[in-house]
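Chemist: Heads up: the sequence shown begins at 1 in full-length UniProt numbering, then just goes up one per residue.
The hints are simulated quantities; they were obtained by calculation from the structure and are not laboratory data.
Beta carbons are placed, not taken as given, at the ideal position from N, Cα and C, and that holds for glycine.
One or more of the hints may lead you astray.
Claimed, not checked - Estimated spans, in silico, between C-beta atoms of each pair:
hint: 1; residue 1: Tyr-82; residue 2: Ala-152; range: 24 to 30 Å
hint: 2; residue 1: Arg-78; residue 2: Arg-15; range: 39 to 45 Å
hint: 3; residue 1: Arg-106; residue 2: Tyr-53; range: 47 to 53 Å
hint: 4; residue 1: Ala-117; residue 2: Ala-79; range: 56 to 62 Å
To be verified - Keeping only pairs whose Cα atoms sit at most 16 Å apart, straight-line, the calculated EDC-like set for lysine to aspartate or glutamate is:
hint: 5; residue 1: Lys-141; residue 2: Glu-128
hint: 6; residue 1: Lys-141; residue 2: Glu-111
hint: 7; residue 1: Lys-141; residue 2: Glu-110
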Amino acid sequence: MPDVDGFDEFYRGSRQRLLGYVYALTGDLAEAQDAVQEAYIRAWQRWSTVSAYEEPEAWVRVVASRIAVSRWRSLRSRARAYLRHGPGESVPGPDTATVEVVTALRRLPEEQRTAIALYYLVGMPVAEVARQTAAPVGTVKARLFRGRAALAGLLAVSDLEEAADA
Numbered sequence: 001m002p003d004v005d006g007f008d009e010f011y012r013g014s015r016q017r018l019l020g021y022v023y024a025l026t027g028d029l030a031e032a033q034d035a036v037q038e039a040y041i042r043a044w045q046r047w048s049t050v051s052a053y054e055e056p057e058a059w060v061r062v063v064a065s066r067i068a069v070s071r072w073r074s075l076r077s078r079a080r081a082y083l084r085h086g087p088g089e090s091v092p093g094p095d096t097a098t099v100e101v102v103t104a105l106r107r108l109p110e111e112q113r114t115a116i117a118l119y120y121l122v123g124m125p126v127a128e129v130a131r132q133t134a135a136p137v138g139t140v141k142a143r144l145f146r147g148r149a150a151l152a153g154l155l156a157v158s159d160l161e162e163a164a165d166a
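Generate coordinates for the entire structure from the input sequences, incorporating the hints supplied.
Modeler: Structural data, given as structure tokens:
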């Protein structure tokens with residue numbers, strides 16, 4: 001645990017100057033606040049060493065300005081990459097069948113939905129589903145059976161509605 005003697009007083013006496021300095025460097029108050037906060041965290045973690053420096057505020061000021069410059073460089077690199085490569089490939093939305101299955105799953109009772117998700121989507125064996133849900137194996141099998149039957153009915157209704165609309 002760092003030696004806290006004098007840190008609070010140091011912080012209260014220097015934070016406004018330091019924030020003003022970093023704000024002048026960045027031109028962005030939120031970025032300045034983040035950099036200054038990170039610098040004070042680092043000073044706090046090493047306070048027994050930093051407090052022994054002739055000018056602890058200078059150490060925190062250098063750390064804060066380096067953090068701000070590092071963030072600026074990172075943003076600049078990302079902006080260059082964006083300009084060079086353009087936006088990333090967009091991820092296509094889910095297909096109609098996936099949306100229908102998810103919609104149908106949402107209409108199932110929670111116990112059935114959980115059993116079906118763990119068994120079919122996660123790939124757990126029935127015994128593991130039973131352990132995870134704190135239910136007997138027979139109960140899990142019944143939930144799977146009823147859930148499949150309900151899904152079949154819900155998805156068949158969806159197919160019939162689609163055919164009627166066509």
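Chemist: Lys-141 and Glu-110 were given as a pair; does the straight-line alpha-carbon distance stay at or below 16 Å?
Modeler: Holds, at roughly 15 Å.
Chemist: So does Arg-78 sit 39 to 45 Å from Arg-15, Cβ to Cβ?
Modeler: Once the Cβ atoms are compared, 29 Å apart, the range 39 to 45 Å for Arg-15 and Arg-78 is violated.
Chemist: Against the range 56 to 62 Å, how does the distance between the Cβ atoms of Ala-117 and Ala-79 compare: consistent or not?
Modeler: Given about 41 Å between the Cβ atoms, the range is violated.
Chemist: Given the hinted pair Lys-141 and Glu-111, is their alpha-carbon gap at most 16 Å?
Modeler: 11 Å, holds
Chemist: Look at the Cβ atoms of Tyr-82 and Ala-152 and judge whether their distance stays inside 24 to 30 Å.
Modeler: 47 Å, violated
Chemist: Hint says 47 to 53 Å; check whether the CB-CB distance for Arg-106 and Tyr-53 agrees.
Modeler: 60 Å, violated
Chemist: Decide if the proposed pair is consistent with the structure: Lys-141 and Glu-128, CA atoms, cutoff 16 Å inclusive.
Modeler: Holds - the C-alpha atoms of Glu-128 and Lys-141 are around 12 Å apart, at most 16 Å.
The earlier numbered hints that this structure contradicts are 1, 2, 3, 4.
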